[in-house]
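Enquirer: Residues per chain are reported as follows:
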Amino acid sequence: MSDADFQLKGSTITVVVLELHRYLPNSFASQLEQKIQQAPQFFVNSPVLINVGKLADEGLPVDFSLLIKQCRELGLQPVGFKGGTEKFARAIAETGLASLPDSSASVKAVALDIPEPAVQPDPEVQVEIKTVIQERVVQRPSKVITRPVRSGQQVYAEGADLIVLSQVSEGAEVLADGNIHVYGALRGRALAGVYGDTDARIFCQHMDAELLSVAGNFLLSESLDDSIRKQSAQAYLQGDTLKVISL
Amino acid sequence: MAKIIVVTSGKGGVGKTTTSAAIGTGLAMQGHRTIIIDFDVGLRNLDLIMGCERRVVYDFVNVINGEATLSQATIKDKRTDNLYILAASQTRDKDALTQEGVQKVLDELSEDYDFIICDSPAGIEKGAQMALYFADEAIVVTNPEVSSVRDSDRILGILQSKSQRAEQGKEPIKEHLLITRYNPSRVNDGEMLSVSDVEDILAIALLGVIPESEAVLKASNQGAPVILDGQTNAGQAYSDAVDRLLGNEVAHRFLSVQKKGFFKRLLGATA
Chain A
1 MSDADFQLKG STITVVVLEL HRYLPNSFAS QLEQKIQQAP QFFVNSPVLI NVGKLADEGL
61 PVDFSLLIKQ CRELGLQPVG FKGGTEKFAR AIAETGLASL PDSSASVKAV ALDIPEPAVQ
121 PDPEVQVEIK TVIQERVVQR PSKVITRPVR SGQQVYAEGA DLIVLSQVSE GAEVLADGNI
181 HVYGALRGRA LAGVYGDTDA RIFCQHMDAE LLSVAGNFLL SESLDDSIRK QSAQAYLQGD
241 TLKVISL
Chain B
1 MAKIIVVTSG KGGVGKTTTS AAIGTGLAMQ GHRTIIIDFD VGLRNLDLIM GCERRVVYDF
61 VNVINGEATL SQATIKDKRT DNLYILAASQ TRDKDALTQE GVQKVLDELS EDYDFIICDS
121 PAGIEKGAQM ALYFADEAIV VTNPEVSSVR DSDRILGILQ SKSQRAEQGK EPIKEHLLIT
181 RYNPSRVNDG EMLSVSDVED ILAIALLGVI PESEAVLKAS NQGAPVILDG QTNAGQAYSD
241 AVDRLLGNEV AHRFLSVQKK GFFKRLLGAT A
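Residue numbers (our numbering), protein chains in the order written: chain A, 1 to 247; chain B, 1 to 271.
Just so you know, these hints were derived from the structure itself, not from any lab.
No false leads were mixed into what you were given.
Pairs of lysine-lysine, DSS-like flavour, derived with a Cα cap of 30 Å:
1) K162(B) <-> K143(A)
2) K9(A) <-> K170(B)
3) K82(A) <-> K54(A)
4) K9(A) <-> K162(B)
5) K143(A) <-> K170(B)
6) K3(B) <-> K162(B)
7) K143(A) <-> K174(B)
Chain B with its partners taken away, still in its complex shape:
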């Protein structure tokens, strides 16, 4: 039986797809059979971030409509073993997803995979609700910035009330907070919300803090999830987050301003 994890946020552009790609890859690297599904019908990005955009023949909506089987639509990742991707349709819109259709696909995938990562679209409407409906756990991606925090709070309310677990009175979805684009020097300057500020407002368990990093943009454009770049802070922070997701206690890193060594300052190396 697979564990279904939704990566959601409410606010757009905070790092949901980056996180889905990184965490999905991380879980697969640790030996778990993982599939990442893009729920952003019409505005698909997961295939670009994973670097498989030229190999998409059939997509999620094709499978729901019975136009293709799951094995025809799932794409095997070329870099990481145990990792598969199910892309969204680009030509249709979110109304093409039906609850029964999504349930059927997830039930079929549950038999073959250990983890199903649902990459949610932004917003709180049908697309986002469909992505979170069947989830067992949720990673709420938040930037340390007021509008992102408020939108995350909103999506937490929706996770509590509009998920299948809520409607059936089962144990509630386990919520994890992932803070992205964190910049400790700006926090020290009082320009940015700190980790404790965000934790205070949202009151859910902290999964990880991903520091602001130029490596993320580079990773997107190269189509390689940032976790594969183990030299970068962001990549390492995602690895830590995956460990915590699997139940290991790992200390949080990159929360304070790192003192650059003499040569780094001289050569202007970036994180």
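One chain only, chain A, in its complex shape:
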């Protein structure tokens, strides 16, 4: 009868990568500011990962804390470093930010569509900003429930389909980011595509739902056609209306 104070979950985020080739503080700050001015809304408070994998080692110590300070002054939020080799490891550790392992396999660089200024960039120092889009994990396995979902219980299949191999009682709620399959009687509420997937569908063997919803468009029990009640049925979105037809 006790709850944990927290829960650990996995998540993916989109982050801007700043691939540093050379670090000369003065030209860096003005270069970066110029880039940011081109699309200020995009960059304000944006988390940024600093890739030092291509940073030329000229024997000069790199002042990482100044680098971070300059980024912050311009509204970027450095969250960590990547590509750091042995030489930079200690300096990076001293900044207190994360040092991420190289995960080039899952990283796809996409060129940012920002109009280039007419002025030639300073050939000495080049700062490249690339937008990185993480590939989404192919498919999360469906959540399978084998026991009845009882009144007052709520089941949510995050990022996946939901399959219930029993009934869903009145007063129970089943939700999914994907489709919902109920191999039994659906007497409670079913909400599919909760994150906006308008292609999501709800299937059941005995339609007696209190409420059906796909991507926020819902239908109450009283609006269900009598001919469809207690039959095998599916519900899907057609435009803005939820259609319920027999299977």
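Got chain A sorted already, so can you dock chain B onto it with the hints?
Expert: Below, chain B without anything else, positioned relative to chain A:
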């Protein structure tokens, strides 16, 4: 090791205490050492139904607080051998029960008894949760009526998720459905849910159907569990239920309207 059975329902007034008394007595009559514990602190009824209200010196809360030993608090039933009762406190409330305290009492009782029947209070809050937490099996008492069925469904969800067995990932509590106050003629008239309607909605194994009977009120007021009145339908139905609980296959009776013989109709005898 005792088997701990909770008699619960969610809804109030459906027959939990009547059932706890009847089934506890039935098990003891078949030779099993049985104790019935009243978990309804502050609104105790088990002692009245068992007819031992004048013999309650120490209660469940006294034992948990260490103010009395179990042997001082347990009451031996005068009518049936092997049967004992642990009454609830009337002056305190449900907050007086603690999980550690209840566990300690149940562990101690487990060594001496074959069956421990926990008579749950109504509701889904702390009192009811405490009664079901340590259970191995559950008898869900339901009237064939919509609000009782929905509340029973709710308590089934709680049995599945908030019991010790659920929290420790052990085998789930074995659930039994007991339908009480069943009236076949009203079912035929379409006024009352039928057994199959209730089974359909709740989807758990049927332990028994107890017909509506005037004998239940009589039994309460006399302080004698209805199962002792073997002439009545309700008493017999409870006996059947006890047999099924012990694993025997017994056909369900009293499900259809009984044709009264000529004299019964003439004299207006009741079930």
